[in-house]
Structures are given as C-alpha cells and as structure tokens.
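Required output: the full structure, derived from the provided sequences and hints.
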Amino acid sequence: LKTGFVYDTVMSYHATPDPIEIHPEDPRRIFKIYSIMEKHGLLAECKRIKSRKATKEEIIAIHSITHYRKMRATTSKSQYIDLEHVYDSVYLNSSSFESALYAAGSLIELLEALVKDEIRNAFAIIRPPGHHAEHDAPMGFCLFNNVAVAIHHCMKKLDVKKTVIVDWDVHFGNGTQNIFSKDPNVLYISLHRYEDKTFYPSSRKGAADYTGHGKGKGTTVNIPWPCSGMTDADYLYAFREIVIPISMEFNPDLLVVSAGFDAAIDDPIGQCKVTPVGYAHMVHMLKSVNNGKMAIALEGGYNLNSTAMSALACMNVLLGDAPPPITSNLTPKKECIETIEQVREIQKEFWTCL
1 LKTGFVYDTV MSYHATPDPI EIHPEDPRRI FKIYSIMEKH GLLAECKRIK SRKATKEEII
61 AIHSITHYRK MRATTSKSQY IDLEHVYDSV YLNSSSFESA LYAAGSLIEL LEALVKDEIR
121 NAFAIIRPPG HHAEHDAPMG FCLFNNVAVA IHHCMKKLDV KKTVIVDWDV HFGNGTQNIF
181 SKDPNVLYIS LHRYEDKTFY PSSRKGAADY TGHGKGKGTT VNIPWPCSGM TDADYLYAFR
241 EIVIPISMEF NPDLLVVSAG FDAAIDDPIG QCKVTPVGYA HMVHMLKSVN NGKMAIALEG
301 GYNLNSTAMS ALACMNVLLG DAPPPITSNL TPKKECIETI EQVREIQKEF WTCL
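Residue numbers (the UniProt record's numbering): 1 to 354.
No wet-lab data here; the hints were simulated from the structure.
Each residue gets a CB set at the ideal place from its N, CA and C atoms; glycine is no exception.
Hints are not guaranteed to be accurate.
Per label pair, the in silico range of CB-to-CB distance [what the hints assert, rightly or not]:
hint	residue 1	residue 2	range
1	GLN342	LEU304	30 to 36 Å
2	ILE22	TRP351	40 to 46 Å
3	GLU345	LYS161	28 to 34 Å
4	ALA73	ARG52	20 to 26 Å
5	GLY41	HIS85	41 to 47 Å
6	GLN342	ALA44	41 to 47 Å
7	ASP159	PRO325	34 to 40 Å
8	HIS135	LEU304	30 to 36 Å
9	GLY292	GLU345	26 to 32 Å
10	HIS40	THR327	46 to 52 Å
11	GLY41	SER328	38 to 44 Å
Below, the structure written as structure tokens:
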C-alpha cells in the first residue's frame with residue numbers, strides 16, 4: 001500500500017481581498033509544501049487522491065446552516081471588508097468559499113481512502129486551515145473545520161468507531177475541541193501555547209483542567225505550554241509521557257494529526273523551536289498507535305520555508321524512512337516537566353496508563 005496525498009491549486013485562490021497586504025496564512029504555503037515534496041521525489045512514490053468540494057450536507061453535519069450561507073454569500077468586495085470586522089482574524093475573497101469547500105472535501109476523500117485500506121497513511125496539503133472554525137462561525141484564518149467535517153463523515157458513513165485527533169498546531173484548536181467535547185468516541189489531544197490564557201485564541205477550554213463535557217468527559221487532553229521557545233525535547237517528552245500512552249490506551253481505528261507547523265523554528269507567530277527532525281520523530285511515534293493508520297492534515301504554519309521543511313520531514317516518515325537522529329539537547333525544560341506533571345494529575349482519573 002502506498003502513502004496517499006491530496007493537493008489542489010484551487011485552494012490557493014483564497015487570498016486577502018487587498019492584493020498589497022501580505023497575510024501570514026499565505027496562499028503560497030501549500031504550493032511550497034507540494035513543490036518541495038515533488039522536488040525530493042516523494043510524490044512519485046505516493047498515490048494522489050482526487051480532490052473535490054465538500055457538499056453542503058457534509059458541511060452542515062458540523063456547521064450551522066447560517067454559517068454555511070454566510071460563507072457562500074461572500075461575493076462582493078465591500079462585503080468582505082464588512083465581514084473582516086465581524087469575525088476574529090478571518091479574511092475572505094470571492095474564492096474563499098470554494099477553497100474552503102475543497103479543503104474539507106479533499107480531506108474527506110483522503111480519509112475515506114485510508115479507512116478503506118486503499119492507502120497506508122496520508123498527507124493532506126490543504127488550506128484554508130480549519131481547527132479554529134466553530135459550529136457557527138469562522139475564526140482564526142479558518143472557515144470550515146476540515147478535520148471535524150472529514151472525521152464526522154468517516155464515523156457516520158464508514159466503519160470508524162473511534163478516532164484520535166492530535167493537534168500539534170501551536171494554537172489551541174478551539175473549534176475542533178468544542179465540536180467533539182461531548183463525544184466519547186473522539187479523543188482530542190492538543191499541545192499549544194496557552195500562557196495563562198493570554199495566547200490566541202485565549203480560551204478557558206485550552207487549560208489543562210478542561211477534560212471534555214458530559215459523555216465526552218475524559219476525551220479532551222490539553223497540554224498547555226506556559227511560555228514560548230518550546231523545543232524538540234519538550235514535544236517529544238510530552239509525546240512519550242502523555243500523547244502516545246493515552247492514544248494507545250484509547251485504541252482508535254483512525255488517527256488524524258491537525259498539523260500546524262507554527263511551533264517550528266523561525267515561525268513568526270509561534271515563536272517555538274521544533275525542528276523538522278522533531279516533527280519526524282513525532283510522526284514516527286504516532287505510527288505505533290494503530291498500526292500506522294494515520295493522516296496528517298495541514299493547519300497553520302507561517303514561515304514558508306520552515307513549514308515546507310517540516311512537512312517534508314513528516315512525509316519521509318510516512319513513506320517508511322526512519323527519522324534522522326536528534327542532534328539537539330534532549331532535556332525538556334522545567335516548564336515542560338511541570339506542565340506534563342499537571343496534565344498527568346488531571347488526566348489520571350481517566351487513563352490507567354498514567
């Protein structure tokens with residue numbers, strides 16, 4: 001079985017209405033990832049899955065009809081400017097709606113191929129990102145919640161009983177977490193800068209002591225960093241101590257990574273220090289969870305070069321390469337160890353492995 005991937009230039013058409021403005025969620029992000037993978041000969045080894053638009057039904061299974069209609073109505077330039085003032089960190093142009101439908105629909109196709117064993121694992125080179133998008137509103141560069149839409153589809157239409165989402169984007173994925181907070185069959189694990197709720201999106205639900213809601217209590221795991229500058233050592237420690245043991249105990253049919261590469265070294269927004277080698281090791285560790293049946297879906301990541309190099313490192317591991325040896329210091333910082341202990345204390349009532 002091959003590794004599958006999905007990419008479509010249509011997703012580059014969503015751009016800021018003002019051509020002069022350079023926005024961090026830059027349309028070139030996906031092209032850069034695609035071209036570096038192609039240049040290294042990786043895509044020739046992969047199976048390309050056909051991109052498509054998500055249907056209205058697929059979107060409104062997760063989002064409100066009002067939200068869908070508002071996004072569909074983004075046609076006249078004056079209207080975008082209005083909407084940009086209404087929504088939190090969202091820009092729209094006349095192609096945004098279509099790009100967002102392609103991002104969600106392409107991820108559905110990719111996950112479907114994975115679940116049906118047509119591919120071994122998968123990488124979705126998609127944008128706009130999705131993890132901040134709420135049931136009823138776009139937010140934080142995200143229009144529709146790609147990962148939520150695609151997972152919901154697989155759990156409803158295919159034989160997927162349990163899914164793990166590992167969200168390693170440097171921001172807390174408020175949208176994904178809210179959408180699945182009551183669902184005991186979706187385990188949401190997020191590693192993010194939190195800094196006592198001062199870091200975007202500043203949601204109380206990104207704290208370590210938020211564990212889900214109702215029947216879904218115990219299936220939200222937040223690993224909230226108290227500072228910037230987190231390294232490979234910190235992330236790999238979190239993976240070894242929390243992410244991998246809990247994911248294995250949950251024993252999912254499907255694992256999806258909400259892969260923002262904004263914790264990468266030189267990212268202007270994330271201000272952390274994860275290297276491509278660090279990301280490669282995270283993917284390698286995740287492959288042990290459910291026989292490697294995993295999909296990596298692009299979320300954030302705003303340094304074009306760091307994002308592309310990190311994505312390339314992940315793809316190499318999906319294709320079966322061993323991750324390169326870590327040359328950096330592997331001692332996690334004090335803040336990391338303290339955060340992990342705090343998470344362990346909170347989560348141990350739900351997980352025997354802790």
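Item to check | Those earlier numbered hints the structure runs against, lowest number first | outcome: Going through the list in order, the structure violates hints 10 and 11 and respects the others.
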